[in-house]
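For reference, the chains in residue letters:
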Amino acid sequence: MRIAILSNVTVEVLAGMLNKEHSIWLPPGFGAWIETALKPSQEMVAFDPEAIFLLLDSSHATFDADSALRAKSSLETAFPNATIIVPELEDLADEVGAFFDERMWKIGSMPWSMKGLRAIKDEINRLIRAMKGERKKVLALDFDNTLWSGVIGEDGVNGIKPYTEFQRGIKALKERGVVLVGLTKNNLADVEPVWTDERMVLKLNDFALLKIDWSDKASNLASAAKELNLGIDSFVFVDDNPAEREQMKAMLPEVVVPEVPQDEAMLTKFLRRIARLYFPELRLTDEDRRKTAQYIEESARREFAATLSVDDYLRGLKMWADVHQIADAEIPRVAQLSQKTNQFNVLTNRYTIDEVNGFAHDGGRVLLTVHSGDRFGDQGLVAFVQAVVAGDKATIVDWVMSCRTMNRRLEFAVEERLELELSRRGISHVLASWRRTLKNAPVENLFDAFGFDLVEVSADERKYELKLPRKEALKHYVDFK
Amino acid sequence: MTTEKDFLVFVAGVLDVPAESISLGTAYESIPEWDSVMQLRLTLEIGSEYDVEIPVDEIADIKTLGGFYKYLTA
Numbered sequence: 001m002r003i004a005i006l007s008n009v010t011v012e013v014l015a016g017m018l019n020k021e022h023s024i025w026l027p028p029g030f031g032a033w034i035e036t037a038l039k040p041s042q043e044m045v046a047f048d049p050e051a052i053f054l055l056l057d058s059s060h061a062t063f064d065a066d067s068a069l070r071a072k073s074s075l076e077t078a079f080p081n082a083t084i085i086v087p088e089l090e091d092l093a094d095e096v097g098a099f100f101d102e103r104m105w106k107i108g109s110m111p112w113s114m115k116g117l118r119a120i121k122d123e124i125n126r127l128i129r130a131m132k133g134e135r136k137k138v139l140a141l142d143f144d145n146t147l148w149s150g151v152i153g154e155d156g157v158n159g160i161k162p163y164t165e166f167q168r169g170i171k172a173l174k175e176r177g178v179v180l181v182g183l184t185k186n187n188l189a190d191v192e193p194v195w196t197d198e199r200m201v202l203k204l205n206d207f208a209l210l211k212i213d214w215s216d217k218a219s220n221l222a223s224a225a226k227e228l229n230l231g232i233d234s235f236v237f238v239d240d241n242p243a244e245r246e247q248m249k250a251m252l253p254e255v256v257v258p259e260v261p262q263d264e265a266m267l268t269k270f271l272r273r274i275a276r277l278y279f280p281e282l283r284l285t286d287e288d289r290r291k292t293a294q295y296i297e298e299s300a301r302r303e304f305a306a307t308l309s310v311d312d313y314l315r316g317l318k319m320w321a322d323v324h325q326i327a328d329a330e331i332p333r334v335a336q337l338s339q340k341t342n343q344f345n346v347l348t349n350r351y352t353i354d355e356v357n358g359f360a361h362d363g364g365r366v367l368l369t370v371h372s373g374d375r376f377g378d379q380g381l382v383a384f385v386q387a388v389v390a391g392d393k394a395t396i397v398d399w400v401m402s403c404r405t406m407n408r409r410l411e412f413a414v415e416e417r418l419e420l421e422l423s424r425r426g427i428s429h430v431l432a433s434w435r436r437t438l439k440n441a442p443v444e445n446l447f448d449a450f451g452f453d454l455v456e457v458s459a460d461e462r463k464y465e466l467k468l469p470r471k472e473a474l475k476h477y478v479d480f481k
Numbered sequence: 482m483t484t485e486k487d488f489l490v491f492v493a494g495v496l497d498v499p500a501e502s503i504s505l506g507t508a509y510e511s512i513p514e515w516d517s518v519m520q521l522r523l524t525l526e527i528g529s530e531y532d533v534e535i536p537v538d539e540i541a542d543i544k545t546l547g548g549f550y551k552y553l554t555a
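Protein chains in written order, with our numbering: chain A, 1 to 481; chain B, 482 to 555.
The set of hints was computed from the structure by calculation and includes no laboratory data. Misleading hints may appear alongside valid ones.
[As the list claims (entries may be wrong)] In silico DSBU-like links for lysine-lysine, alpha-carbon gap of 30 angstroms or less:
| id | chain 1 | residue 1 | chain 2 | residue 2 |
| --- | --- | --- | --- | --- |
| 1 | A | 318 | A | 226 |
| 2 | A | 174 | B | 551 |
| 3 | A | 121 | B | 544 |
| 4 | B | 551 | A | 115 |
| 5 | A | 132 | A | 318 |
| 6 | B | 551 | A | 106 |
| 7 | A | 475 | A | 132 |
| 8 | B | 551 | A | 249 |
| 9 | B | 551 | A | 318 |
| 10 | A | 132 | A | 106 |
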């Protein structure tokens, strides 16, 4: 990854530790971070960073918060394709301990110890992984003695005291796209009154899903994952009760289960740590912000599904899709989908914004995006397909769809549109393949379902072809816009 | 007790050069990898690996890898 680091202290030693894995750019000279940020040099522009880290130390050097903000927003304007990240060095220093080395500050204007440097290096790598979409998605929360002090089933709503500061932090996470799930062993009727209690910061509609019963929490978490169509490994589980935590760890080792402090005063700090480790704030797309609304819609869809046959259900959903050649404004979302989508992804190519931008303007490629929705709501940009065309042949290189829209035959509608576009371009011969990853088994037989001919198969790869025009139409229930 | 050879293998890893290419006699700035930034890094890496703290006013006086090794055997 191409990383630029701007700092108010010397970061050459750190750069030396990172440059095996990444390509690092530093502004020449000491203390040039603010000038460089406000007016990026030609060298920096030419370097074309994918990530820019602002490492601002306040323990030994100084900076004013206002300059930092201006620097960040200037960089965001100058480098629209880069992710600008300002790591929380103070929190990191607190956590790691022995973070500083006074000798280094004295002779090198570099405040960090070896331990500190390694922690910063790990933090940078972790943030980069998060940038690539490997961050967690769901915060699963216990209620009693986690969101409030007291036990609502025994003390009643008037006997509990909401942890308002903690709840405010959780609400802020939700605002940035983290999905909240409530997991509590309680009677539904006992919990109900809490949602109208004005001391509560978190309201009923902040949660995408609630599991309020006496089943074990691991089973409830697993079923929540299924209902939300998310992997169990995208959950972080917060519960004050060590026994519940141990049970969760034993039954679902993929779930992140942090230790929760007993002292209310420590909760805010605890939450900041969780946010930093598992839900780092990167550039948000509109899609992220709408996530909870979408998951709530998904719950409504499922209730509706329970009463009908599959065909009737799909027809009744009144799905619509707008399938079109990618627009420039959609490039970041397509890169994000390529990075995040593990299940419905036939070849699992991961793309940067730059790469997608290149594809979008390449006449030898057909890159279609899919915006879809149904009677319950707009699901946004949920899929993209890409084919490389040459002569009368086209090779499908990406078939990627968000797991939110799986199992609704939307893919058949999209495939129909893709083939229509390929036919329009004079293509008569379509090649496609699927390559196994840990998670993409759901689409192992996607092209079989589409009616392609299987031409080559091994344990981890399947290759297909299809002659256009196809004989039988693809069955779906989607209206095109 | 860390042997000279173990020490050189560790240092070569930090410098990112083949272990055979350096010795205790290798001097500061005699190879491009060992510049003033690397001087700080070596001080930290060696300090952390072997649990020694080189006094700040002596760091600039270390002119060969042997100069670092001395602190391990002191």
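Going through the hints against the structure:
At roughly 23 angstroms between alpha-carbon atoms, residue 318/A and residue 226/A fall within 30 angstroms of each other, so this suggested pair holds. Taking the CA atoms of residue 174/A and residue 551/B, the gap is near 56 angstroms; set against the 30 angstroms cutoff, the hint is violated. This hinted pair checks out: residue 121/A and residue 544/B have alpha carbons roughly 28 angstroms apart, not beyond 30 angstroms. With a C-alpha separation of about 23 angstroms, the suggested pair residue 551/B and residue 115/A falls inside the 30 angstroms cut-off, and the hint holds.
Proposed proximity of residue 132/A and residue 318/A is contradicted: the alpha carbons are some 34 angstroms apart, above 30 angstroms. The straight-line distance between the Cα atoms of residue 551/B and residue 106/A is roughly 23 angstroms, inside the 30 angstroms bound, and the hint therefore holds. Of the supplied pair hints, the one linking residue 475/A and residue 132/A is violated, its CA atoms being roughly 35 angstroms apart against a limit of 30 angstroms. Using a Cα cut-off of 30 angstroms, the hinted pair residue 551/B and residue 249/A is violated, with the two alpha carbons roughly 48 angstroms apart.
Only pairs whose Cα atoms come within 30 angstroms are accepted, and residue 551/B paired with residue 318/A is rejected, the gap being roughly 78 angstroms. Among the hinted pairs, residue 132/A with residue 106/A is inconsistent with the structure: their alpha-carbon atoms are about 37 angstroms apart, more than 30 angstroms.
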